[in-house]
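> As a plain string of letters, each chain reads:
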Amino acid sequence: MRGRILDSLFRRMGEDEDPFFLTGDMGIQLVEKFQEAFPRRYLNVGIAEQNLVAISAGLCNLGYRPFAYTISQFMTLRCYEQIRNDVSLHAYPITLLGTATGFDNAPLGPSHHVLDDWGAIRNLPGIDIYCPSAVPYAETLVDKVLAAGRPAYIRIPKGQFERPSSLLDTVYLEGRGAGDLLVSYGGCVQSCLEVQGAHPEVSVLAIHRLRPLETEAVEDALRRHPRAFVVEDHFPATGLFNTLCQFCVERGVRTGLRSVGTLATYPLTVGASARYYHEAFGIDVRGIERAIWG
Amino acid sequence: MVDPVAVRKTVLRMLYEGKASHLGPSMSVVEMLIAIYGSLDLARVRARSPDRSRVIVSKGHCAAATYAVMAHFGLIDLDRLRTYCQDGSALAGHVSHAVERVEHSTGALGHGLSVACGCAIGLRSRGYEGSHVYALVGDGELQEGSVWEALMFARHHRLSRLIPLVDDNRISSITRTAEVIDMRPLRDRFEGFGFRVHEVDGHDVGAITRAIREVQAGSETSVILCETVKGRGVPFAEDEPIWHYRTLGEDDYRAALAHLEGMEGEA
Numbered sequence: 001m002r003g004r005i006l007d008s009l010f011r012r013m014g015e016d017e018d019p020f021f022l023t024g025d026m027g028i029q030l031v032e033k034f035q036e037a038f039p040r041r042y043l044n045v046g047i048a049e050q051n052l053v054a055i056s057a058g059l060c061n062l063g064y065r066p067f068a069y070t071i072s073q074f075m076t077l078r079c080y081e082q083i084r085n086d087v088s089l090h091a092y093p094i095t096l097l098g099t100a101t102g103f104d105n106a107p108l109g110p111s112h113h114v115l116d117d118w119g120a121i122r123n124l125p126g127i128d129i130y131c132p133s134a135v136p137y138a139e140t141l142v143d144k145v146l147a148a149g150r151p152a153y154i155r156i157p158k159g160q161f162e163r164p165s166s167l168l169d170t171v172y173l174e175g176r177g178a179g180d181l182l183v184s185y186g187g188c189v190q191s192c193l194e195v196q197g198a199h200p201e202v203s204v205l206a207i208h209r210l211r212p213l214e215t216e217a218v219e220d221a222l223r224r225h226p227r228a229f230v231v232e233d234h235f236p237a238t239g240l241f242n243t244l245c246q247f248c249v250e251r252g253v254r255t256g257l258r259s260v261g262t263l264a265t266y267p268l269t270v271g272a273s274a275r276y277y278h279e280a281f282g283i284d285v286r287g288i289e290r291a292i293w294g
Numbered sequence: 001m002v003d004p005v006a007v008r009k010t011v012l013r014m015l016y017e018g019k020a021s022h023l024g025p026s027m028s029v030v031e032m033l034i035a036i037y038g039s040l041d042l043a044r045v046r047a048r049s050p051d052r053s054r055v056i057v058s059k060g061h062c063a064a065a066t067y068a069v070m071a072h073f074g075l076i077d078l079d080r081l082r083t084y085c086q087d088g089s090a091l092a093g094h095v096s097h098a099v100e101r102v103e104h105s106t107g108a109l110g111h112g113l114s115v116a117c118g119c120a121i122g123l124r125s126r127g128y129e130g131s132h133v134y135a136l137v138g139d140g141e142l143q144e145g146s147v148w149e150a151l152m153f154a155r156h157h158r159l160s161r162l163i164p165l166v167d168d169n170r171i172s173s174i175t176r177t178a179e180v181i182d183m184r185p186l187r188d189r190f191e192g193f194g195f196r197v198h199e200v201d202g203h204d205v206g207a208i209t210r211a212i213r214e215v216q217a218g219s220e221t222s223v224i225l226c227e228t229v230k231g232r233g234v235p236f237a238e239d240e241p242i243w244h245y246r247t248l249g250e251d252d253y254r255a256a257l258a259h260l261e262g263m264e265g266e267a
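Line order of the protein sequences matches chains A and B.
This note's numbering numbers the first residue of the first sequence as 1 and each following residue consecutively.
This note's numbering numbers the first residue of the second sequence as 1 and each following residue consecutively.
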């Protein structure tokens with residue numbers, strides 16, 4: 001998915017003089033074309049995420065629209081104060097492109113598990129947050145953030161998922177009959193779709209734009225279902241579950257909102273793939289089914 | 001020319017009326033800031049021309065000195081300085097872009113030099129080759145690792161339009177730098193990173209200005225190390241770590257003001 005997002009950025013850089021691409025020495029065989037085609041708007045700052053973000057802020061001072069690219073964990077937490085002071089405080093239209101979500105980097109260990117990134121960014125004012133669940137929507141993101149002109153964080157899952165094919169920020173896939181609602185984002189949407197395939201009465205709400213939430217679409221979906229289950233590869237305490245708890249309280253939405261699984265710690269055991277951790281923490285298809293039907 | 005003694009009197013009043021700290025670091029940078037702002041094309045700064053030179057005050061806690069110098073150069077209304085650290089004012093105790101013609105908010109150390117690098121790259125990419133980016137950095141601030149990320153970057157990209165000036169007052173927050181992290185001699189640290197080093201008396205506006213012109217005329221990645229005295233111009237505060245945080249009582253203020261008035265005309 002990251003390649004398709006970078007392709008759309010490459011296209012926009014050919015049309016527009018302001019986008020500027022920066023990498024923290026990541027993206028082999030993806031970023032080289034930026035250097036070749038746009039040498040004055042490409043920087044590899046090296047393994048230096050604080051510098052990556054603060055240099056982006058300096059470029060904004062000159063009217064550029066920087067896109068900073070590295071692994072999600074380092075894109076958000078290593079340089080958190082730079083994002084706070086140099087991006088959020090100045091409302092600079094910098095886009096943080098974070099690669100990998102949840103357990104995409106499963107065997108690399110907890111330093112590379114992305115479980116607490118957007119919950120941290122959510123704490124900072126004025127930064128839009130996206131986590132696409134499929135390629136068609138992901139390909140619209142560069143245009144979206146350039147049009148919005150605000151700070152943004154795009155959390156990019158691994159995978160070339162084609163469903164849902166909708167380009168909407170919030171996608172409601174209604175089930176047949178009165179079933180429960182699964183609410184999810186990013187790669188976990190695929191598990192929700194699999195559950196829906198086996199149990200057509202279940203509805204799925206895929207939220208591509210986590211902040212700001214698309215109020216009407218989210219509220220409408222939640223009001224249709226007495227029970228909603230949040231499926232995410234991020235700590236629920238600061239992720240979508242927490243976000244929706246606040247949303248429901250503020251909007252007066254009375255629904256049985258539950259978090260699926262037990263993700264609350266950094267795992268020290270190795271998983272060869274994300275599947276291992278999804279099963280261990282109960283955010284796989286079986287875990288979702290257990291949460292709904294016991 | 002802007003008179004350093006007049007600026008110090010302004011700073012003193014701001015800190016006293018605002019019941020504010022950071023007397024020591026505000027007094028050490030007065031001549032550096034005068035040399036920096038004196039090197040700018042102020043008309044372009046006022047007009048916020050895209051090709052203007054930029055000033056990034058990375059040691060944001062010398063806000064009183066920054067605002068005072070800007071006011072003496074006509075970039076801020078002098079009367080407005082009386083709102084420093086007062087309810088509802090934009091003039092906080094750390095440099096803020098809420099104040100017109102301030103390029104970037106600082107306060108957390110180790111940010112400004114990287115931002116200045118971004119500005120320097122931006123000037124180069126936009127083709128504004130005649131403009132510069134001045135970055136005022138503290139010697140205690142050099143303890144932040146991010147500063148060295150920026151220095152490595154600046155050297156690698158040969159950012160000759162970036163002009164870092166280090167306020168070498170030899171005291172960081174509560175302790176002498178030599179007792180915290182001893183990096184002396186600073187010249188060796190910067191030369192080791194490939195910088196051309198200019199060492200000047202940080203209280204000599206003429207010497208700092210000449211060093212700035214020399215950097216501007218060259219094409220090397222350079223740094224200007226300014227040897228200063230923390231609390232300069234206030235005898236009881238000079239080279240005393242406590243005056244990083246201590247605020248002025250009335251007796252302190254009167255004594256310091258009398259001393260500065262005695263210095264008037266000497267500069």
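Treat the hints as calculated values from the structure; they're not laboratory data.
For every residue, glycine included, the Cβ atom is placed at its ideal position computed from N, Cα and C.
It is possible that some hints are incorrect.
As the list claims (entries may be wrong) - To give a feel for the contact side, a few chain A residues facing chain B, derived at Cβ under 7 angstroms: (1) E36; (2) A37; (3) P39; (4) I47; (5) A48; (6) Q50; (7) N51; (8) I55; (9) N61; (10) L62; (11) Y64; (12) R78; (13) N85; (14) A91; (15) D128; (16) L146.
Unchecked claim - Sample of chain A residues lacking proximity to chain B, with all beta carbon distances greater than 10 angstroms (derived): (17) R2; (18) A57; (19) L124; (20) T140; (21) G149; (22) Y266.
> Are the hints correct? Go through all of them and say.
Hints and how they fare:
The beta carbon of E36/A is not positioned within 7 angstroms of any beta carbon in chain B (closest approach about 16 angstroms), and the interface hint is therefore violated. Using the Cβ-Cβ criterion of 7 angstroms, the hint placing A37/A at the interface with chain B is not satisfied: the shortest such distance is roughly 14 angstroms. Here the hint on P39/A is broken, as its CB sits about 9 angstroms from the closest CB of chain B, past 7 angstroms. Below 7 angstroms, beta-carbon pairs count as interface contacts, and I47/A has none with chain B, the closest being about 9 angstroms; its hint is therefore violated.
The closest approach between the C-beta of A48/A and any C-beta of chain B is roughly 4 angstroms, which is under the 7 angstroms cut-off, so the hint is satisfied. The restraint placing Q50/A at the interface with chain B holds, with a minimum CB-CB distance near 4 angstroms, inside the 7 angstroms limit. For N51/A, the interface hint holds, the least distance from its beta-carbon to any beta-carbon of chain B being 4 angstroms, beneath 7 angstroms. For I55/A, the interface hint holds, since its Cβ comes within 7 angstroms of a Cβ in chain B; the closest pair sits about 4 angstroms apart.
Residue-level restraint check for N61/A holds (minimum Cβ-Cβ distance to chain B is 5 angstroms; threshold 7 angstroms). The restraint placing L62/A at the interface with chain B holds, with a minimum CB-CB distance near 3 angstroms, inside the 7 angstroms limit. The restraint placing Y64/A at the interface with chain B holds, with a minimum CB-CB distance near 6 angstroms, inside the 7 angstroms limit. Because the closest C-beta pair between R78/A and chain B is about 10 angstroms apart, greater than 7 angstroms, the hint is violated.
Here the hint on N85/A is kept, as its CB sits about 6 angstroms from the closest CB of chain B, short of 7 angstroms. Violation of the interface hint for A91/A is found here, the shortest Cβ-Cβ separation to chain B being roughly 10 angstroms, above the 7 angstroms cut-off. A distance limit of 7 angstroms between C-beta atoms decides the matter here; for D128/A the minimum to chain B is near 21 angstroms, and the interface restraint is violated. Annotation: L146/A was flagged as interfacial toward chain B, and the flag is violated, the nearest CB pair being 18 angstroms apart, outside 7 angstroms.
No beta-carbon of chain B is positioned within 10 angstroms of the beta-carbon of R2/A; the least distance is around 24 angstroms. Its closest Cβ contact with chain B, about 5 angstroms, brings A57/A to no more than 10 angstroms, contrary to its assignment away from the interface. With a least beta-carbon separation of about 14 angstroms from chain B, L124/A lies farther than 10 angstroms from that chain, consistent with its non-interface assignment. With a cut of 10 angstroms on Cβ distances, T140/A stays outside the contact zone with chain B, its closest approach being about 27 angstroms.
The non-interface label for G149/A is consistent with chain B: the shortest C-beta to C-beta separation is roughly 17 angstroms, beyond 10 angstroms. Listed as a non-interface residue, Y266/A keeps its Cβ farther than 10 angstroms from every Cβ of chain B; the least gap is roughly 24 angstroms.
The structure does not agree with the numbered hints 1, 2, 3, 4, 12, 14, 15, 16, 18 stated previously, though it agrees with the rest.
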